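Student: Which chain is which? The protein sequence lines are L and R, in order. In terms of our numbering, the first sequence has 539 at position 14, counting the first letter as 1, and numbering is strictly consecutive. In terms of our numbering, the second sequence has 54 at position 45, counting the first letter as 1, and numbering is strictly consecutive.
Just so you know, the hints here were simulated from the structure itself, not pulled from any lab data. Given the structure is predicted, the values throughout are model-derived calculations rather than measurements. We put the CB at the ideal spot given by N, CA and C, even for glycine.
Pair ranges (Cβ atoms, derived):
| no. | chain 1 | residue 1 | chain 2 | residue 2 | range |
| --- | --- | --- | --- | --- | --- |
| 1 | L | N589 | R | N80 | 37 to 45 Å |
| 2 | R | A11 | L | H598 | 31 to 39 Å |
| 3 | L | V569 | R | T85 | 23 to 31 Å |
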Amino acid sequence: KNEVEQSPQNLTAQEGEFITINCSYSVGISALHWLQQHPGGGIVSLFMLSSGKKKHGRLIATINIQEKHSSLHITASHPRDSAVYICAVAPIQGAQKLVFGQGTRLTINP
Amino acid sequence: DAGVIQSPRHEVTEMGQEVTLRCKPISGHNSLFWYRQTMMRGLELLIYFNNNVPIDDSGMPEDRFSAKMPNASFSTLKIQPSEPRDSAVYFCASSLLAALDTQYFGPGTRLTVL
Chain L
526 KNEVEQSPQN LTAQEGEFIT INCSYSVGIS ALHWLQQHPG GGIVSLFMLS SGKKKHGRLI
586 ATINIQEKHS SLHITASHPR DSAVYICAVA PIQGAQKLVF GQGTRLTINP
Chain R
10 DAGVIQSPRH EVTEMGQEVT LRCKPISGHN SLFWYRQTMM RGLELLIYFN NNVPIDDSGM
70 PEDRFSAKMP NASFSTLKIQ PSEPRDSAVY FCASSLLAAL DTQYFGPGTR LTVL
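Chain L on its own, in the form it takes in the complex:
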């Protein structure tokens, strides 16, 4: 079993829909990262969080440390949000290196 599990693996939605991507992990962590990778390959860090909630524009990330779970929400989704979203955790035991989920491929149709 992977230390970091994302769901769903693939998600297709219509423009304007509210999107939720989930990330569950099995180890104690110091921080959790959400990354975005557009077709063509560039990887951008969206959020780093260790508790509570963070918001940036239409993106919201939440984390529940007790339940070992994080969610990434996109409000009023747009075709330009189509990308792969990757969850990564920094385990407490792990020499400060990230462990990655397999990613969620999001497609937003106009």
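Put chain R on the given structure of chain L with help from the hints.
Tutor: The following block gives chain R in isolation, referenced to the frame of chain L:
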């Protein structure tokens, strides 16, 4: 700042050849990471440096892979000899504080070994 710079962006080589990938981190960042991304395995950490010192190289697949960071502004990842299974996108990233800070990724090097 120009962000993390990687070169080359694309590399096509034949099996058995030596391949060298280069990375210039963001000025002032103390941590540098080399990642490999494949369809089958996703993103994997190969090695990371803190203050130019290799901290964890447990992800380096085998002795054919080596990485150096001779100074704070330059790192190389070398594969010798290369094999077709090394074909992947190799990303370099840097941060101020290892995995406890935002990581900034370079554009990646797409390596194809024929």
